[in-house]
Every structure is written in structure tokens, then in C-alpha cells.
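Colleague: Put the two chains together into one complex, using the hints given.
First to last, the protein sequences are chains Y and X. Using the working numbering, the letters of the first sequence correspond one by one to residues 160 to 313. Using the working numbering, the letters of the second sequence correspond one by one to residues -13 to 320.
Among the hints, erroneous ones may be present.
[Stated by the list, open to error] List of simulated lysine to aspartate or glutamate pairs, DMTMM-like, C-alpha gap at most 20 Å:
1) K220/X <-> E306/Y
2) K300/Y <-> D64/X
3) K255/X <-> E219/X
4) K300/Y <-> E146/X
5) K300/Y <-> E209/Y
6) K255/X <-> E306/Y
7) K164/X <-> E219/X
8) K300/Y <-> D272/Y
9) K181/Y <-> E306/Y
10) K255/X <-> E130/X
11) K220/X <-> D308/X
12) K205/X <-> E305/X
[Stated by the list, open to error] Simulated coverage check for chain Y against chain X, where a stretch passes if three residues somewhere in it have a Cβ under 8 Å from a Cβ of chain X:
13) 178 to 187
14) 194 to 200
15) 259 to 268
Rather than coming from a laboratory, the hints here were simulated on the basis of the structure. C-beta atoms are modelled at their ideal positions from N, C-alpha and C, and glycine is treated no differently.
For reference, the chains in residue letters:
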Amino acid sequence: MTGRPVLALLVLGVLAACNAEKRVTGPTQPQTAPNGAADPRIAIRQSSFEQISQGGRYFAWYGCGRCHAQGAPGIRDLGDQHRRSVRGFDQVYRTIAGHPGISPSYANRIPTDQLWQLTAYVQSLKSLDPGRRRRQDLDQKGEARGETWSGPVR
Amino acid sequence: MNRYALPGVVMLLAGCSGVQSPLNPAGDQALSVRGLLELMTWICGGMYLLVILLLGASLWRARMRPIPEAAPQVEPVDTGLSRGLVAWAALIFAGLTVLIAASFLVDRRLASARDREALVVRVTGHQWWWRLRYRDPATGAWIETANELHLPAGRTARIELGSADVIHSFWVPNVAGKMDVIPGRINRIDVTPRRTGWFRGQCAEFCGTQHAHMAFDVKVDRPADFDDWLASEKRPAAIPADATARRGMAIVTEGPCAACHVVRGTDAKGRAGPDLTHLGSRRSIAAGTLRLSRGALQGWIAQPQAIKPGTLMPAIALEPADADAAARYLEALR
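Bound-form chain X, shown alone (with noise of 0.2 Å):
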């Protein structure tokens, strides 16, 4: 038992300051959660806690009051327990009342975020990965990118969600609360990220073998930096000067890659599957599966089955020269 318990406080105690976690608010709207997580857990708790205590004294009234020995006869009326009944409803009634005003109060807040749609970001969930569009403030086009959500801090963000799919749920705990994602519909959500770090989002909703690997990364940047990020992400890929690299380029792009991704100033120009135009400067592949690597790269091009079972990506045989090319044109591409 005390082998376990330590190692459990412990992963209690990490789940509070993770980086996806409710408890750990870095956003007004993960704030607002948490303070109506905090008054649920005092109201709940003290009801359980009364519910216990009058459980135990009756179970030690029963216990002190001795045992007739003639049969048994109706009890008179006790006006005490009668009061106290309807205290105890009142009590709930009560609890029940202050819950419901919160978290009516919190979902008014959630949907009137304020500076409204300052930011606006879409969002795709894909079977088992993330479209992310952004629009350029200078043209208005759309900059794309996948599976890393950038975002500046003190601004407020609308998230325009769909799907390509099935329905999956973007929860971003340390940010937002959680939106489902309906095929054939957009549902929005605005979030307003004040402190500026790494997080981590999920899909909520089961949606199918690989669920549970449809994570993404989500960055909350000074605004300076975020605009910088997203001057980037503008940007089409470079040409790279390394000649292996260049090797890469022409696998990559004129290969079956090509037939699913895109890579913004070559000639690939698939839409099924994640751009890969910065795919350097991204922390992890197949949608927070692997951490970006050139190793992980090459794995998950030769059996991305063995990684992730089930995905959509196909397994493309390369020579062992050819793939490390590849992996090092991928790597490249920042």
C-alpha cells in the first residue's frame, strides 16, 4: 500500500501544474472553470461531509440506546427530526440554487469574451490531426499550418471549429473550457490566454482508433512574438543550400508525399494531409504522437502503422539514403 501511495500523492499533486490541466489556469476563460470547479468542490464537499457526520451519530445513537425487550411499538412523533428534515431540504435547495446561478454566471462569461474577435482562428479536426487556418492581417488570406496552435497573450481569440470527419472536441484546459466539433456545422469559442508558455490540447471526444494520439501543442506568445510567428508561417519554404537536403527536396515534394501534403513554393500540393511547409520549426509529429526528430521523422514516413495504428498516413518505402534525405529536407523546413 505505501509502496503505492507516494507515487500516487505525487501524480496527484503533478496533475495540478500541468500542462494540461484546468487546475493550472492561464486564460480568463480557464479562470472563470476554475473558480466555478473550486465553488462545486466547497458546496459538494461540505454537503458530503454533513451527510457523513449525521450518519455516523445516528449509527452511534442506535449503537448507546438499549435494545427493548418487549416487542416493538410506534414511536411517537419526533418534531425534532421533522425540523430537521426540512432544514436539510432547504439546505440542498439552497446549495442547488447558488450552483446553478454560478454556473449560469460562468457560461454568460465564457460567451461574451470581450475586444470580440480580434484573432480569428480555424480550426479542423481531422481523423487524427489538426488543420489550423490563420488570417494574415495584411491580405486577409489564409496562412495554414496543423497541429500547433500559436496565440498572443492578452487578446482575445475566436475559434472557429470544424470538421472534415467525424465529431471530435477541442479542450484546451489551461486555456479554455471545451467545444465540440460537429461535422457540417461551426461552433465557436473564445478564448483570451494571459500567461504566455507551452500547453497542451486534446481531442475530448472519442473519434475513433487514434483518438486518444489527437493531441496538439498550443503556444501562448508575447504579441511581438506572435506576429513575428505568424510573419513566418507567411512565409513559403525555403530552398535548402545543403545538397542533401536537396536530395530530400525532390523526394518529397515530387513523390507520394506530394499526394497529401503541402509544401507552400514546390510542387507539392496535397490537401488531405497536414502542411509541411514549417514543419521544422514544430515541437512534435502526427499530431503530438513523437517529438520532431530527424529519427522520428524517417520512422514515421517507413511504418507510421507501427507508430500509430490505424492513421491515414501511408507507409512509403525508402531507400535508407533517400529517407534520411528526406528526414533532413523535413527537418529543414523552419
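Bound conformation, chain Y alone (with noise of 0.2 Å):
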């Protein structure tokens, strides 16, 4: 007879955890960047599967990967969970727009809303168990990557 409450509270469980994979379509506002470790936007992108996901694809999509995949060297891999340096939101949001080295800048190049979601799945790598995102990696191998990309066609 105890089978039914332990029943119910893994119901609602499960419907809780549907709440991250929650995602808003329609008339898209206008965006700008984080304004401070305390936006309360930062929040609701970190906690939505469904912004980091789209993270990711867009790392694939504009060749992040290419230089940070996983495991790359020294302070390229995003994911080293043994790195010191704990940055914050929009900080690791303002590396990304003016990433050094590449021009056009980010910042010009990818439209604000994505930015959010790259920095969202950046901040997420960190936390990430590597074999997942070898996984993830393997979900996305059609995907675009950079400008050499010729198709998943071969």
C-alpha cells in the first residue's frame, strides 16, 4: 500500500523535470547583452536544457569546435573541470562576443539571442560528465561546422 504515494511523487517528479525542457516560440523581443553577474535572465538560460542545447548546435555550427573541442589543449578546453578560474555569466558572454583574434567580432557576426544560449552551453561544459558530451557530439555529427563544412553527404 506504500507503492502509491512513493507512485505519485515520482510522477510529479517527472513532470518537474519537464519544466527545463520548457521552450518559448513566438515573437522574439529584442535582446541585449547580460548587464551584471545578477541579471535574472541568466537564470532562466542556465536552467532550460532547450537554450543550451541550441548552444550547442551553434558551437558546431560556427566552428567553435575546431579549436575547443574536447580535450584540446591548455586553457582551449572549455570543459576542464580542473581549472581554477570560476568566471561568471556574462563574463564568459563578453569573452565570447569579443573573442580575440577573430574578425568581425562575434559580437557582430552572432545575433545577441544566440550568443545567450552559446554562452549558456559553454557555462554547462564545466559541469558536463565527458562521456555525455562525446554523446552530444556524436548527436550533432551532421551538423554544420565553420565555413569549410561540405555536408553530411560524403
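Modeller: Below, the structure is given as C-alpha cells:
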């Protein structure tokens, strides 16, 4: 007879998890860069799997993986869990937007909304299990990659 | 009832002659499929009619028979009924055998198109549009375009299907059957269009929010027209003479559009979105969502999420004058 409350709790738990998959479709609102570490929009983006996985997609599309692939040397490895410096969301955003060595800058090339999603993805990498990240990369194998990509059909 | 009957009939009949209908075949494969459909309709329709007639007859017989007053008794074996049932089973067996044989033969015909590999077209399904690539007959290089498939009449095209993300399905009912597009593998479908004209293709496997807006136009050309079209697709984009359009060119090829789109011959080299080199020559934008016009282009750039909610095209905020210039440039990309 204890089965029923446990089942009810389980169902509630599963339903609560759906929130992280929630996505909003409809007209786009104007977007601005995060205005500090306490910006309330940061939490919304970071808690949404949809936003993070969209960011992962753009990570592939814009060729970020060429230098920042899993296991890249030194500071290029964005998922390196042993790194000491813990940077805030807004700092990571600014780093991507004004990425050194890129011209024209990503701030001019990539729309603000996508920069938010990219940042959410990059932020998620540190706590992402390496096996899962490999799996994610595999799922995106057919997606466009940088400017030299020639299609998934070879 | 009557108010809806006439429009209903008209709509049903319109379905028979449409640009996206298996009942209006314009190619060898579609013709074979329609033949099979007709055979199936006749056989299944005949069997259905027979069932209804026998059911009616038995109801009629039961009503006509007087109700016995005494307690029901075990009836003697009806030899006529037993024979009838055997004949019925034989009829079902024969009908199914004919259908299976016909289906097998049509499948074989679809898989063995003549003139094999005369023209290779690579089609990639994306959420939610189609990337199309043709082999340049002179150099063997690939010529890319999007959302508008051109095919020469009377020549077999081998369409190689790949997916960039999820499972899609390639379906141009007027020209050929249907083939799934599976990530990580290449499926092939041969099509031999015979009649020139415009048709419509559509993704036929649910692939996400905007599955319904993942269509493409299909143009079957005379072979000479097709060669001309391919030659013009091969050319890089021309630099517009008009000053406004030239300003639009700077906006498109140096701004955020260039992150995802290619305009060959300019700095726009993004690979994730549809090729825009000859966008102005296409009929529709956003994978068959809108007819191509300057207004539609402006709307699509400013607020794609309102037109196609969930699309991966981001909204680009431009000043009205800049949006007009960009749309003028894109429209001039012929």
C-alpha cells in the first residue's frame, strides 16, 4: 500500500523535470547583453536544457569545435574541470562576444539571442560528464561545422 | 449538411490534380505507384462491396424467417454455407496474392530505374529546410542551392538523401514515391520525371515544431532549360548596379547574415543556413512558407519567429531603411 504515494511522488518529480525542457515560441523580443552577474535572465537560460542544447548547436555551426573540442590542449579545453578560475556568465558572454583574433567580432556576426545560448552551453561544459559530451558531439555529427563544412553526405 | 457537401466534393476533386498529389503523376515512378494504388482500390473496393452485400442478404434473410415458437433446436449442417466459406477464403487468398505480387513488382521497378546515375542530386534535410547540391557536369564540383529542386524531364535523377539532425522524409508524390532521410546514412531514390511543370515536395516524417513548413518547390524542366538553369546556379552572385542594393549587399555579407548563409563571390561564407547566392530566382522563402517578395524577405529577417515559430533563423534587428536595402539586394540575387 506504500506503492501509491511513492508512485505519485515519482510522477510529480517526472513532471517537474519537464520544466527544464520548456521552450517559448513566438515573436522575438529585443535582446541585450547580460548587465552583470546578477541579471535575472541568466538563471532562466542556464536552467533550460533547450537553451543549452541550442547553444551546443551554434557551437558546432560557428566552428568553435575546431579549437575548443573536447580534450583540446591548455585553456582551449572549455570543459576542463580542474581549472581554478571560475568565471561568471556575463564574463563568459563578453569573452565570446569579443573573442580575440576574430574579425569581424562575434558580437557583430552572431545575434544576441544566440550569444546567450552559446554562453549557457559553454557554462554547462564544466559540469558535463565527458562521456555525455562525447555523446552530444556524436548526436551533432551531421550538423554544419565552420566555413569549410561540405555537408553530411560524403 | 448541403452547405458543406459541395465545397467538400470540390476539395476532394482538387486533390486529384494538385501540385502535390500521387493521383496526378508526372514521372515513371509516380505512375507505377498510382497503378498499384488503383489496383488496390479496385480489389479492396470489390471485397468491401461483397461483404456489405452478404451482410445485407443475411440481415434480410433473418428478418424474413418466421420466429420459431418452440425452444431453439440444433440446426442441421448447412453444406451450402460450408462451401461458400471455402470459396470466400479462396477469394481472400487470391486477392491478397495479387496485391502482394503487384506490390513486389512495383517495388522492383522503383529500385531499377533505367539510365542509372545519369544525374546525381544530393539532398540534405535540415530542421526545417532542404539543402540541394548538383554535380557540375564540367568540373565535377558541387553546386549548392536550397529548397527548390530542378529536374530535367525524361532523364533519371538519382537523389542521395542525408540528414543533418533528425529523421526527415523526402516526398514528391507527383514525381516519385517517398524515402526516409536518416541521420548517419545515405538513402537513395531514383526519379524519372516525364512532364514539365511546377510541383511541390514536403517532409513526410515528423521532425520537430516546424515539420509542416518544411516544403520545397520542384520544377521539371526541358533538358536544355535545366542545363541553362544549372549554368546560372553555378555563377557567383553578381554585384548589383543599384546603390541601395549595394548598401544591402554590405549589410548582408558583412553582418550577422553571413554567419550562417553563403552568397558565393562575397564574404558571406556561413554554412549552417540555406545558400542565398541565387535566392532572387527562387519562388518561395523559408522552405515554402512564404512566396518570395521584398515584403516577405523583410518580415522574415525582422521577425522569423512570428512567421515560423521555432525556426533556427534568428531575428535580425535592422533600421527600416537598412532592412529595405537588404531585401532589395536579396531580391536582386538572380
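Colleague: Holds or violated: K300/Y and D64/X, Cα atoms, limit 20 Å.
Modeller: Since the Cα atoms of K300/Y and D64/X sit roughly 68 Å apart, the hinted pair is violated (cutoff 20 Å).
Colleague: Mind checking the alpha carbons of K181/Y and E306/Y for me, to see if they're no more than 20 Å apart?
Modeller: violated, 32 Å
Colleague: Count the residues of the stretch 178 to 187 of chain Y with a beta-carbon closer than 8 Å to any beta-carbon of chain X: does the count reach three?
Modeller: The restraint on the stretch 178 to 187 of chain Y holds, since 5 of its residues have a Cβ under 8 Å from chain X and three suffice.
Colleague: For the stretch 194 to 200 of chain Y, do at least 3 residues have a Cβ located nearer than 8 Å to some Cβ of chain X?
Modeller: violated (count 0)
Colleague: With the threshold set at 20 Å, check whether the alpha-carbon distance from K205/X to E305/X stays at or below it.
Modeller: violated, 36 Å
Colleague: Compare the distance between the alpha carbons of K300/Y and E146/X with 20 Å, and conclude whether the hinted pair is satisfied.
Modeller: With Cα atoms ~18 Å apart, K300/Y and E146/X stay inside 20 Å; holds.
Colleague: Would the pair K300/Y and E209/Y pass a check requiring their Cα atoms to be no farther apart than 20 Å?
Modeller: holds, 18 Å
Colleague: Hinted pair, alpha-carbon criterion (20 Å max): K255/X, E219/X. Please report holds or violated.
Modeller: holds, 17 Å
Colleague: Does K300/Y pair with D272/Y here, judged by a C-alpha cut-off of 20 Å?
Modeller: violated, 24 Å
Colleague: Starting from K255/X, check that the Cα of E306/Y is at most 20 Å away, please.
Modeller: Distance ~6 Å between K255/X and E306/Y Cα, so the pair holds.
Colleague: Can you tell me if the stretch 259 to 268 of chain Y counts as covered by chain X, using C-beta to C-beta distances under 8 Å and a minimum of three residues?
Modeller: holds (count 3)
Colleague: Taking 20 Å as the top limit, are the C-alpha atoms of K220/X and D308/X close enough?
Modeller: violated, 28 Å
Comparing the model with each numbered hint stated earlier shows that hints 2, 7, 8, 9, 11, 12, 14 do not hold.
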